[in-house]
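First to last, the sequence lines map onto chains A and B. When you line the first sequence up against this note's numbering, it's residues 1 to 115, in that order. When you line the second sequence up against this note's numbering, it's residues 1 to 110, in that order.
Just to be clear, a hint being listed does not mean it is correct.
What the hints assert, rightly or not - Here are the simulated BS3-like pairs of lysine-lysine, each with C-alpha atoms no more than 27 Å apart in a straight line: (1) LYS102(B) x LYS37(B); (2) LYS52(A) x LYS71(B); (3) LYS19(A) x LYS71(B).
Said to hold, decoys possible - With beta-carbon atoms standing in for the labels, derived distance ranges: (4) GLU56(A) x LYS42(B): 21 to 27 Å; (5) GLN76(B) x GLU56(A): 16 to 22 Å; (6) THR96(B) x PRO69(A): 19 to 25 Å; (7) ARG51(B) x GLU56(A): 18 to 24 Å; (8) LYS42(B) x LYS41(A): 47 to 53 Å; (9) PRO82(B) x PRO69(A): 38 to 44 Å; (10) PRO82(B) x GLN82(A): 37 to 43 Å; (11) ASN58(A) x PHE46(B): 41 to 47 Å.
If you're looking for bench data, these hints aren't it; they were derived computationally from the structure. C-beta: ideal position from N, C-alpha, C; glycine also.
Letter by letter, the chains look like this.
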Amino acid sequence: ETGVTQTPRHLVMGMTNKKSLKCEQHLGHNAMYWYKQSAKKPLELMFVYNFKEQTENNSVPSRFSPECPNSSHLFLHLHTLQPEDSALYLCASSQDPGQTTYGYTFGSGTRLTVV
Amino acid sequence: GESVGLHLPTLSVQEGDNSIINCAYSNSASDYFIWYKQESGKGPQFIIDIRSNMDKRQGQRVTVLLNKTVKHLSLQIAATQPGDSAVYFCAENAGTALIFGKGTTLSVSS
């Protein structure tokens with residue numbers, strides 16, 4: 001256990017469904033991130049939150065909607081997704097966005113399949 | 001654009017051999033680099049890091065080398081074990097977030 005917990009571990013959803021991914025960290029970190037990991041591609045940064053405020057949206061389609069109610073919790077709300085959105089979604093946290101010690105701590109990810 | 005990449009998608013070694021995984025980066029302003037290991041079904045895990053004011057850093061069985069002249073980063077694993085089988089990523093600190101390379105899959109046969 002890394003200290004970053006993601007639920008669910010696996011999710012299958014239809015293109016018309018609405019679902020949410022949850023991430024929780026108890027490391028006392030102030031920054032949280034969503035990354036998308038697709039086969040044969042580098043991890044893609046989606047969103048950055050620092051002290052609950054979104055500081056970066058990396059041109060992510062509006063069918064992905066993040067929410068950060070506090071520094072310990074991060075959600076990714078999903079609606080009307082496409083099959084190409086199937087991927088492993090990773091949450092990470094760090095003491096601050098410019099972290100230069102030990103990098104980020106990652107959760108185990110949610111494996112999303114859109115059918 | 002600015003990116004971090006790895007030279008080889010796969011590397012196969014025998015148990016006990018030394019492994020070298022390479023990474024090329026393009027952002028000369030990057031000042032902090034990290035190697036991550038990702039095992040099947042898990043998220044990336046921190047292995048070792050290095051700042052741009054260093055050219056070598058050693059950990060337990062791992063060594064990271066940084067060559068800023070050619071913008072090259074490498075991870076050396078001594079006496080590779082079957083438990084080292086995983087995907088390895090390098091990442092650079094772009095200021096607001098980490099940028100990752102594609103990864104090298106290391107396979108260790110006994």
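Non-conforming hints, listed in increasing numerical order:
Structure breaks hints 2, 3, 5, 8 and 11.
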